[in-house]
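Residue numbers (our numbering), protein chains in the order written: chain A, 1 to 371; chain B, 1 to 371; chain C, 1 to 371; chain D, 1 to 371.
These aren't lab readings, by the way, just hints derived from the structure by calculation.
Be aware that a few hints might be false.
[Stated by the list, open to error] To list a few chain D residues with every Cβ distance to chain B over 10 Å, as calculated:
1. Asp57
2. Ser69
3. Glu109
4. Ser162
5. Arg173
6. Arg198
7. Glu209
8. Lys247
9. Leu276
10. Ile307
11. Gly310
12. Leu328
13. Phe346
14. Ala352
[To be verified] Straight-line alpha carbon distances no greater than 30 Å define the calculated DSSO-like cross-link-like pairs of lysine-lysine that follow:
15. C:Lys247 / D:Lys247
16. B:Lys247 / D:Lys247
17. C:Lys46 / B:Lys247
[What the hints assert, rightly or not] Computed list of chain C residues with no C-beta within reach of chain A, every gap over 10 Å:
18. Glu26
19. Gly32
20. Arg33
21. Leu117
22. Gly214
23. Trp284
24. Leu286
25. Ala343
26. Ala349
Cβ coordinates follow ideal geometry from the N, Cα and C atoms, glycine included.
4 protein chains.
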Amino acid sequence: MSEAAIRIGVVGLGSVFYGPYMAMIERLATAGRARVTAVYDVDEGKRRAAGQRLGVDPGLTSPEAVLESDDVDVVLVLTSMPAHGSLASAALRAGKHVLVEKPMATSLEEAAALMELAAASPGHLICAPHILLSPTFRAVSAHVENGDIGQLLLARARYGWSGPDWSRWFYERGGGALFDLGVYNVTSLCGLFGPARRVTAMAGVAIPERVVEGETVRVQAEDNAHVLIDFGDARFASVTTGFTMQKYRSPAIELYGSGGVLQMLGDDWAPEGYELWRNSAGSWELFPESDPGWQWTEGLRHLVDCIETGREPVTRPEHAYHALEIMLAAQAAAADGRAREIASDFPRADLAALADVTDGHRVHDPRSALI
Amino acid sequence: MSEAAIRIGVVGLGSVFYGPYMAMIERLATAGRARVTAVYDVDEGKRRAAGQRLGVDPGLTSPEAVLESDDVDVVLVLTSMPAHGSLASAALRAGKHVLVEKPMATSLEEAAALMELAAASPGHLICAPHILLSPTFRAVSAHVENGDIGQLLLARARYGWSGPDWSRWFYERGGGALFDLGVYNVTSLCGLFGPARRVTAMAGVAIPERVVEGETVRVQAEDNAHVLIDFGDARFASVTTGFTMQKYRSPAIELYGSGGVLQMLGDDWAPEGYELWRNSAGSWELFPESDPGWQWTEGLRHLVDCIETGREPVTRPEHAYHALEIMLAAQAAAADGRAREIASDFPRADLAALADVTDGHRVHDPRSALI
Amino acid sequence: MSEAAIRIGVVGLGSVFYGPYMAMIERLATAGRARVTAVYDVDEGKRRAAGQRLGVDPGLTSPEAVLESDDVDVVLVLTSMPAHGSLASAALRAGKHVLVEKPMATSLEEAAALMELAAASPGHLICAPHILLSPTFRAVSAHVENGDIGQLLLARARYGWSGPDWSRWFYERGGGALFDLGVYNVTSLCGLFGPARRVTAMAGVAIPERVVEGETVRVQAEDNAHVLIDFGDARFASVTTGFTMQKYRSPAIELYGSGGVLQMLGDDWAPEGYELWRNSAGSWELFPESDPGWQWTEGLRHLVDCIETGREPVTRPEHAYHALEIMLAAQAAAADGRAREIASDFPRADLAALADVTDGHRVHDPRSALI
Amino acid sequence: MSEAAIRIGVVGLGSVFYGPYMAMIERLATAGRARVTAVYDVDEGKRRAAGQRLGVDPGLTSPEAVLESDDVDVVLVLTSMPAHGSLASAALRAGKHVLVEKPMATSLEEAAALMELAAASPGHLICAPHILLSPTFRAVSAHVENGDIGQLLLARARYGWSGPDWSRWFYERGGGALFDLGVYNVTSLCGLFGPARRVTAMAGVAIPERVVEGETVRVQAEDNAHVLIDFGDARFASVTTGFTMQKYRSPAIELYGSGGVLQMLGDDWAPEGYELWRNSAGSWELFPESDPGWQWTEGLRHLVDCIETGREPVTRPEHAYHALEIMLAAQAAAADGRAREIASDFPRADLAALADVTDGHRVHDPRSALI
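Next comes chain A alone, as it looks inside the complex:
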């Protein structure tokens, strides 16, 4: 391991750390670019297990011990949602670079404060989800930018599944399908349309009771929702999400333009290529997934890239803030039936700066390539 490797401190050692972020860290570690130097979790057993597995001190007994460690360059905030905002703020204040899982905070006030702090701090702030970084999203975005489907007028997006059976908080107040699932579609759609102007929604609890880790749970956060987003000039998108979708066979995102249609397949966080209809071509062009092993923890690699090269991250906290405002507005609109205006704005990500190339017919054994 190079001495120059970027030192990562992890706060929160649950299932989001193992395996998704862990897998990404292992790749970076194999390349000598990063290593874990400090870990913390409220659960002592998890601290000890991570210490043994990663060869680090299992004895840190507070998140601050990680955030403030001299041996840490980057802090990963992977705790439960309510702690995201305060931990990310503390890490920025300690001069660290920060990657925070979604949502960046649970209130707009806290999120706004976090963004101000990021602007004033030396460290970068990267907010999940990192889905704008996938090669497939970038290709889709480039088609939209190039006008390949004309002007973007209408869209549908969906992401859902039958729901987790492993953690109560998904179904408790503060959890819910919008924050856990809907955030992906909302983030993608804003990445493609630009800032939203207005939101309305229907959302509720369709399955009142669930079994989680063997116990029956009374569901208190929405598990079933449609959100409508107005992007101005009569351009609209819908987001369908829920722990009520057993399976699907439909595009993740459908983009209807004045001269064509563009569809992203798979899920925002696990794209399976895309399909392009252009009236001028008169055919559907199916682009196979160029990177079948792409991981949704890519934001960490991007952060490491930026630290190494001194460049600014292309994904911005303002985008995450905007998505948060939309989701809170959707919940409010679902409660009283009234559409809400959206106040915030965000700069468009310069995804072209990340461009790379693939050659579809030469991909031969992606499964082995994953290893």
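Since the structure of chain A is already known, use the hints to place chains B, C and D on it.
Relative to chain A, chains B, C and D alone:
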């Protein structure tokens, strides 16, 4: 032609008459079951052409001359929308059976009066669209009724295209994508979920100018819309429609249940089979279209069946009224951002009464069979 | 009906006449371009029925009475296979234009004689199948000609189904899957690759007994076969056919070139569009079927076109002869396990002469358009 | 690492070792079940690299030093093809368990001797490919065994790509598409139909020159082929293979039975689920891939399982021998146009002994699960 053949009077001889209804009438005529005995259109040229083609008197100079003719059993109301309600009413008052194209009327008041009249009159009233009658819709509906996907919780539906270039009224006040296109999805979804309780929507004019019959037209009715429908118990559906969808590659209707998913392919009025996921089976079951030549004018055949057999039509004016209330509510909600309650109700259609059988692997040359 | 309408005499009034050819004749008749003036079938009942339906004399008691009638310009030979060659010859000798269903003859000698006669006679000879004429085949062929997939190297084709239950001859000596079904793939592949050089095959009876029209039949002609065709320069194609294929979900024809892949969907005689992969594009381009109502009896319209315009037919008897040689060689190779050389040649059809245009996103209601 | 871990010696450290087998070994090592204890390659650089990476002695200077090491339980034979037979034999003689990559030998004589030796030796002999072990193949095989598609009558299989640009031997005598690619389809088809009786083929060099590692190579082994296999009772299969297939969008294997159709998607060695048509159901049932990360080196895990449990391997050398006989017969038939009888037989693998369960709608993040 049998003397017993049912005598049809047609009011409105435009593109909806030629070829869709005409094709259905020709089939019925070949079987000796129906014949056209009277026609009227405001356009004298169309009257004369139809008279020559159908061998009937081209000299009737008012719709009343058709509605009140002693030589007419069934009146087809295929005029422009604003005249639907009054012509259908007049025909019922004259003791005729009536088939009226969508919408049955352009205001709820007029529609309610029409339904009252139908209840008190000897003639049947059949309101388009007739999509509940397709073998595919009936199969989908039967799966839902049987609980094959558990409880129906969430749905998406879509129907749109790039829009007609042949008649200004589609883009004028009183036209619009909801009445022309959205009505199909709304009708189907209510057929599957039952009566709606609440509606909200976003709708507007995304393409302000169009070329219609060579002339530039200023668009005044919505050409781009999402509608959300609340069916109670936190069960929601979305309808996406517009003259803004160049092409699609997605299911017409997606039905998400607590134990599976059901997707109707093609369009409500031109189904292409359906797909069923059941958690208990762990597979997608793809049912090919059982009747690739099914015509959306099937309501006429159903009306003829009912007259011949003395049975009541299975599709009901109350359903069309309910769809109308939803679309008017959607337009109102789109205008001010407030969800609307839906007051009306309708009885579920007894589609099982229409059941028949197909054997998929024996279908060999459907194109020749169409003839 | 115009007096100038081309006069058609039909020999053989079975299921191939009703409805496929009949449907085509009705379209031509509606356009005033053709009409049936004479009919013959060995079955007197069929003669009488056709006479009544078509308004022609049901009293002709020999095929010659049709072939030699002064009131006939074109003879359709739609009888059982063994009679094809002699009837087509007689009609040519009588100075008529001839359309003969597949196969043009049942021996190479008879077929060769027929071709010589055609060359020396004033009438055109059009041999089924007419599949090169479909817009989709022509588009596929144009891509190959343009080099869009580089050099054509390898192909697979398939056509089969569970088999007819309506006529014993399919399962008797002289029938079989190759002549009834395989002929389509063979014709298409030669249309794309050019003349074949060598053939081998495996073929046999996989289902020894069938029920046909309620009676158990002992199967004597192959119902299960693979044919391999060598087109020279190590370029090979396979044809898979049988009354042993209950259903499929695979392309009709797969064409592998040095720079891409081209796939025709549906069946040769009922195309459902095509798919194009070009390495240079890195995407699958899906072209929807441009003419969903295209009928495999198109050869008749083409013959009428040629008579009206004085042009030569683009499809040639030499091509049908070549396909016949291949099928007979395949049967011989299947019998003794030895590959056979193919001696005949044929000129490439000038399909570009037939070009026309479609605009995929404007197709809206093809089912009604079919009528 | 447990002391009980099975000790693996690797002969041949090329691209087949890194990453596919290496990835499998890492999984086994993480579970404490196996570890590499000896390595050899003719290339000293590769020996040294492997020694460093795996922490083993890089100083072994002959394959025998691995085969005969007291510190080795299992020998992986991953060298170039011509050495497979002799190295596998030597390892068996030394009392080791052996996994040998395809082909087990390059002549039937050598292969027969190897099998005799295996029968007489204490060690297991596992021959690649290991594709019968994939959950998807096993599910497909179980459907066939259960008669879900009736009697299996006809099949097509395909596997090809644009070809490697990294090693000359693929294109030299002894290489070729049949041994490198065709072997998978042949192995699968025999696994489903049982022993073959007869073979014919067309094969040749369609692309005479290639660029490999920057140099132009004259191709001497077939790069383009169709093979026909007769399984008796007029049941036939075709195999299409080549370095001439740029891409595909078709099933890997199509199985046509008297009552249905079964299609395996993806490739034999990287399945993507399967599709089942049963006439009795009247639908296509699509089974998503149950194990998207399944690796084609599974044979190694199976061997470790067998050593640990004392059970016999379910995949048998006789099957690999039979596939070898078929491929040699295909090459002979391609050369002179005469079908060849197949003499060998093999016992059916008892795949049911490996059964396990998946629950499709619960698979949520397979990419992270891969890690």
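message = Is the claim that Arg198 (chain D) lies outside the interface with chain B correct, judged by CB distances over 10 Å?
response = holds (30 Å)
request  = Classify the label on Ser162 (chain D) as holds or violated, using whether its beta-carbon is more than 10 Å from each beta-carbon of chain B.
outcome  = Per Cβ check, Ser162 (chain D) is outside 10 Å of chain B; nearest 27 Å; holds.
inquiry  = For Phe346 (chain D), is the shortest CB-to-CB distance to chain B above 10 Å, so the non-interface label stands?
reply    = With a cut-off of 10 Å, Phe346 (chain D) remains clear of chain B, as the shortest Cβ separation is near 31 Å.
Given as non-interface: Ala343 (chain C), partner chain A, CB spacing beyond 10 Å = Correct as stated: the minimum Cβ-Cβ distance to chain A is 38 Å, above 10 Å.
request  = Mind verifying the non-interface call on Asp57 (chain D)? Its CB should be farther than 10 Å from each CB in chain B.
outcome  = The claim stands: Asp57 (chain D) keeps its Cβ more than 10 Å from every Cβ of chain B (closest is about 49 Å).
query = Does the claim that Glu26 (chain C) lies outside the interface with chain A hold up, using a Cβ gap greater than 10 Å?
reply = Correct as stated: the minimum Cβ-Cβ distance to chain A is 31 Å, above 10 Å.
query = Beyond 10 Å from every Cβ of chain B: is that where the Cβ of Gly310 (chain D) lies?
reply = holds (33 Å)
key: Lys46 (chain C) paired with Lys247 (chain B) [C-alpha distance capped at 30 Å]   = The hint is violated at about 46 Å.
Gly32 (chain C) and chain A, when compared Cβ to Cβ, separated by more than 10 Å = holds (33 Å)
request  = Evaluate the condition: distance from the CB of Ala352 (chain D) to the nearest CB of chain B exceeds 10 Å.
outcome  = The claim stands: Ala352 (chain D) keeps its Cβ more than 10 Å from every Cβ of chain B (closest is about 18 Å).
query = For Arg33 (chain C), is the shortest beta carbon distance to chain A beyond 10 Å?
reply = holds (30 Å)
query = Far enough from chain B: is every CB of that chain over 10 Å from the CB of Lys247 (chain D)?
reply = holds (19 Å)
In the structure shown, a violation is registered for the earlier hints numbered 9, 17, 23 and 24, in ascending order.
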